[in-house]
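Enquirer: Between the sequences and the hints, there should be enough to build the whole structure, so can you do that?
The primary structure of each chain is shown beneath.
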Amino acid sequence: MTDDEAISADLALRVERLLDDVDLARIGREDFLGARFDAGLAWVHFPPGCGGLGLPVEFQELVDSRLRAAGAPEHLPGRNGIGRGMAAPTIAAFGTEEQKTRLLRPLWTGEHEYCQLFSEPGAGSDLAAVAARAVRDGDTWVVNGQKVWTSSAHTARRAILVARTDADVPKHRGLTYFICDMTDPGVDVRPLRQITGEAEFNEVFLTDVRIPDADRLGEVGEGWRVATLTLNNERVAIGGGVPREQGMIGKAAQAWRERPELRDPAMHDELMRHWVEAEVARLSAVRMRQRLAAGQPGPEGSAMKLTFARLAQAISGFELELLGADGLRYDDWTARRPESVDYTGRGAGYRYLRAKGNSIEGGTSEILRNVIAERVLGLPAEHRTDKDIPWKDVPR
Amino acid sequence: MTDDEAISADLALRVERLLDDVDLARIGREDFLGARFDAGLAWVHFPPGCGGLGLPVEFQELVDSRLRAAGAPEHLPGRNGIGRGMAAPTIAAFGTEEQKTRLLRPLWTGEHEYCQLFSEPGAGSDLAAVAARAVRDGDTWVVNGQKVWTSSAHTARRAILVARTDADVPKHRGLTYFICDMTDPGVDVRPLRQITGEAEFNEVFLTDVRIPDADRLGEVGEGWRVATLTLNNERVAIGGGVPREQGMIGKAAQAWRERPELRDPAMHDELMRHWVEAEVARLSAVRMRQRLAAGQPGPEGSAMKLTFARLAQAISGFELELLGADGLRYDDWTARRPESVDYTGRGAGYRYLRAKGNSIEGGTSEILRNVIAERVLGLPAEHRTDKDIPWKDVPR
Amino acid sequence: MTDADLLYGDVEEELRASVRRLLAQRVSPAVLAAAYDEPAGLSALWRGLARDLGVAALLIPEELGGVGATAREAAVVAEEIGRAVAPVPFLTSSVIATVALLEAGDHETLAVLAAGEATAALALGFGAAAPPVAATVKATPAGLSGHVATVADAGTATVLVVPAEGADGLELHTVTAPGPGTTVTPVPSLDMTRPVADVAFDGAPSRRIDRGDARGAVAEALRAGAVLLASEQIGVASRCFEMTLDYVRQRYQFGRSIGSFQAVKHRLADLWVEVGQAGAAARYAADTHARRDPDVAVAAAVAQSYCGTVAVHAAEECVQLHGGIGMTWEHPAHLYLKRAKADQLALGTPYEARSALAALVGLPRA
Amino acid sequence: MTDADLLYGDVEEELRASVRRLLAQRVSPAVLAAAYDEPAGLSALWRGLARDLGVAALLIPEELGGVGATAREAAVVAEEIGRAVAPVPFLTSSVIATVALLEAGDHETLAVLAAGEATAALALGFGAAAPPVAATVKATPAGLSGHVATVADAGTATVLVVPAEGADGLELHTVTAPGPGTTVTPVPSLDMTRPVADVAFDGAPSRRIDRGDARGAVAEALRAGAVLLASEQIGVASRCFEMTLDYVRQRYQFGRSIGSFQAVKHRLADLWVEVGQAGAAARYAADTHARRDPDVAVAAAVAQSYCGTVAVHAAEECVQLHGGIGMTWEHPAHLYLKRAKADQLALGTPYEARSALAALVGLPRA
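In the order they appear, the protein sequences are chains L, X, U and Z. Just so you know, this note's numbering puts 244 at position 244 of the first sequence, and the rest follows in order with no gaps. Just so you know, this note's numbering puts 193 at position 193 of the second sequence, and the rest follows in order with no gaps. Just so you know, this note's numbering puts 189 at position 189 of the third sequence, and the rest follows in order with no gaps. Just so you know, this note's numbering puts 86 at position 86 of the fourth sequence, and the rest follows in order with no gaps.
Worth flagging that the hints you see were computed from the coordinates, not collected in a lab. Since the model is a prediction, treat every value here as computed from it, not as a measurement. Treat the hints with care, since some could be wrong.
Below, in silico cross-link-like pairs of lysine-lysine (DSBU-like), each with a Cα-Cα straight-line distance of 35 angstroms or less [unchecked claim]:
(1) K305(L) x K392(L)
(2) K392(X) x K387(L)
(3) K305(X) x K100(X)
(4) K387(L) x K387(X)
(5) K387(X) x K392(L)
(6) K100(L) x K387(L)
(7) K251(X) x K305(X)
(8) K392(X) x K305(X)
(9) K387(L) x K305(L)
Expert: Structure follows, in structure tokens:
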């Protein structure tokens, strides 16, 4: 029996024990998730006591699949993605023992939903240009500033927050990372309506918000390094899942097939160009996964996001032209507050407008091209003067 | 009678007198052009004694049209364009009285054909990065270096030349402008074959070429300013003459009309897109001329050159795809030395290859976009370090 | 061609200045965005344009109470409306419906429109490039019956100009709206600054206005619409370009204005070229229309193929180069994007324009 | 799809290394450019590839003296040939003609090809995407007669595989060249590293080789050609990209490397994405062909539509970003541009590939 087989056998046993210990028919979601956390089966690669067993991450799938097969309660789909995907690994990496013990369990069970307070209106692509100030006052910090593009801010109980604690050093060096209680009376959440009519995101105004120093993650001034870990855990949606004709091209192809009266022969070659590009993007995503599986991770993530955004925008624009007069109609301008975004849901007009965000959110296409040119192709970095002068002196 | 009418009447008289003085039936081209120069009718806006009468340039057309109507000899088409278009205005502006008297007449008559020795292999778009050295030796200068992209170098008797006379000052300040005798034994002209198989241009190797100081134009170190005047007189071919379907689009449309068997319906919308873009470029050129005529000169020259290059390349590439298998054939790979370039002459393959030069010669499309962004739109200039340090220290 | 004048005259520039001044006073992004939540009625803005500046009467001959101007002047107004994404029925009422009434010879209705008291809409889907082969509305002795989807500015029009299938082919009727047997149902529109509505007739009383060539009248109306839509599109494109240029100059990232990044500079240079050249195409279309130059058919198809796509490109670059702020409801970029994209679909797509052009210049598809 | 393997195995990488080593030793820009003045015969290079590395025998089964490999291995060879614009008849003889002979069942000729002693060419215009509806060559008892224009690598082939119209439809014949009644006339070619020639038959003696399905054999040959052409194209594209990247790093203008200008950086980033993704398309085509996956038809059409245009784009960017030097005869950029553009026209244009694809995936033109 190899080591791996031994670990697998032990894990299977632990799962069985967990399932024996609870009554699946009666236990509530949060209680079950708490028991799972205590059994070290939340994230097997986390340390013991933090919901894990210190095992390689590959073993997670074994736990997940067995619990799924047993019909155990799972996280609500789409809930607390920021907590589990971004805050948890950051807390695990930078938190003190006390913080890990205190923060990770309610995060995992969903008791504490998290949101992210990084982006600011003045910062944009320049993520380190955070202007929100945190000033120390004994054992607490007092935070003032404005954050934006915060999804779930209106439902979240906690936030990961980056604020400037020193304006006299260069901008990457004066930031500090906090866990912020969203129920603090100084937190004002306002829906941010966007181009589609919906308000997926929020603006968050912070006025004399008090954060105990115990909720600082990492050292004072180390916030950029901590946030970088968080951002590296941000996963972008990759265009073209495995099946062919997914996403925007599926919508356009469907319209072409189902509505013969729309078929303008002048549009046919363009339709087929889009089809080909979508298929090539799909094959590229398949290859990326095969490379990852073969232990050859590459820099294609940025390429896929660029391509996904370009195609989503081009094809949704084309779909409106294909629809012609019907493209002049919209489904609904109500200021809705959707739980999650469905890029290919709703009408063609919505798809077209929402796709405009694909090349902005999570790294603009311009920034991604810089990343590819500089980090992948090794071309010289852009000239900049803001890296070595105090934040307060940077032109903005 | 207004001033303008008086000038016109006087000019008409002078033309009549010139025609009376010569026997058109017998006089040779060069002799007639000499007589015309002496009568001040070469360039009416040049000073008296330099082939002109010091009149506004608008009156030239009156002289030209009357002489044309009388059947007087004209310049050979396409000959000495650099002499008449670029060298002459520069000599007129910067030459001493002695130089103007000595140089302009043979330039005008065609006795001295000129070529241009500005470009260098190491300089490219960075026109001021001239490395050819001119070192003073008493009353003469000794020039060593290599020039490139010189049309007519193998037939020209004179050249306008920019060389570096001081490497210890920033690059724009160490250049000097000369008139070079192409019959000097140190001048070695070699044909430069290009992508089409032809050799339109030459490389010129200068080895201890001696130029009298009397043939220096402008002050020592003033060469960039002098050359700038020359370059401002370089006229780029503007896409889309007045008639519709000129240029590359005419060739593609002709193939579509005359060879129905080539008509792939998948290509039709693309053909029409090209047609539309060519027509829009044509209308833009018409409008530019109307603006000029109305005294509203604008910065559209750069736009026209960009568009001309883009369309010529796109349409000639499309034409090859339209021709399909026939596009696999070429007309002639012989290393010819054409007198002038015909962008739309010869076969489709030639057109495609030659058009690649449209976005390089006379200012690359990248440089033109910079020019538009900085000079027209007022956006900040590119960061550069080479303007203020000695030429010898510039990285290259 | 030799007679073409692609520049603007002094009178045209004065008209432009007046319209621009009025629009600057009365149009704001907040007002425009409000139309997305509550469709606006005929605004004070329109009354100002129509009565004070007479734009509703531009294309109506003087003898009918109009200004007797041409597409050249109307183009200037359309440009300014595009620059402001103004929610006014100039294109639909003062151009398309007006030309239809002119061609049909309905002088009575024209006089009402000229005074700016009422507006009219051609009851044809706003995506239509040409008169219908068979109209969806039937004209019978019992009145008009049938349904027309996606009619622009029908919600505010008091006169509907209705192409209807009669016993001997296409007829043109006018109907008063609202009125018996006529239902106009506004629908959410991609561009709520020019909302569309569905129109249903059920035995609606009407007046036949054509004198036998209803098809020709509708074709002329749609052509005038296409010509002037191109000018509206270059207005949209120009304003998007200017907004973007201003923004990249003042927005700093990484200690530099984003307009100092060469990739941004080159994109704006290319866009400047495009927008400028679209201006020549639109101007040529307006000029040929004004001079009744037979080349107007080609000119209109060229402008329709080119200008709409340039406007969309300019609006898309405007959103993208503004970054996150360009995606928000409070920034005007979205208003321009929606107008630009809707305009691109109006009166036939660029694909349809190129197909029509191909027939005109002897380049058949197969 | 679930079985697709878009990566390269160790054996494939070893084959690549061998081919690349040989090409690096024997191919130089000067040698390639010389082909434009004097068409090259079958070179020592080809003998090295065919005999020492066995590439002529790759697709021929072991029992016929071949290697018995698949399109996956052949694709690696095609990529390397593209990278070097090598003037060898691998695609025309070792893929297209070989597959035609295999499908027809002509084992005798295959054995000769496998040994690398001779090469063959399919006597069909190199622009053809599919078997001819009516062949331009007639098969009669008196021999073959007719004319075929623009046949790739016919000038060096000793066997011509000729689709000819017989009494009952398409037949497939072999003809020895040069030979009585057969004239092969080389013509100047856009890409002289794969020259085309016109072929005329005038009562040429031939051997009929098909067993009734000549059309199927030609179709299979052309499909194999399309699949492997895509791999050649990504070789061309990759090399152009690398040359350009190297050049912009070391070329200084205005005191900076031109690769430090953001507009250049972004173009190269986009090109890197394109070239990389073309690789996935070409690899999928080769893999489906190797596994006889029915999706090969779609895969081949997708690759043919995409990879040729990417190669042209890469070669065009290579010329442009090299500036003047990229326009000269002495720099290799022109060799790549000519190969890329000729490859884009070979075996059907991208437009034809998309039309074929539309039929396969149920998206009819009208």
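Enquirer: For every hint, state whether the structure bears it out.
Expert: Each hint tested on the structure:
1. K305(L) x K392(L): Given that 35 angstroms is the threshold and the Cα spacing comes to 34 angstroms, the pair holds.
2. K392(X) x K387(L): holds, 30 angstroms
3. K305(X) x K100(X): holds, 33 angstroms
4. K387(L) x K387(X): Roughly 24 angstroms separates the two Cα atoms, so the pair holds.
5. K387(X) x K392(L): Answer holds: K387(X) to K392(L) is near 30 angstroms, not above 35 angstroms.
6. K100(L) x K387(L): holds, 33 angstroms
7. K251(X) x K305(X): holds, 20 angstroms
8. K392(X) x K305(X): With a Cα-Cα distance of about 34 angstroms, the restraint between K392(X) and K305(X) holds, given a limit of 35 angstroms.
9. K387(L) x K305(L): holds, 27 angstroms
Going through the hint list in order, the structure satisfies each hint without exception.
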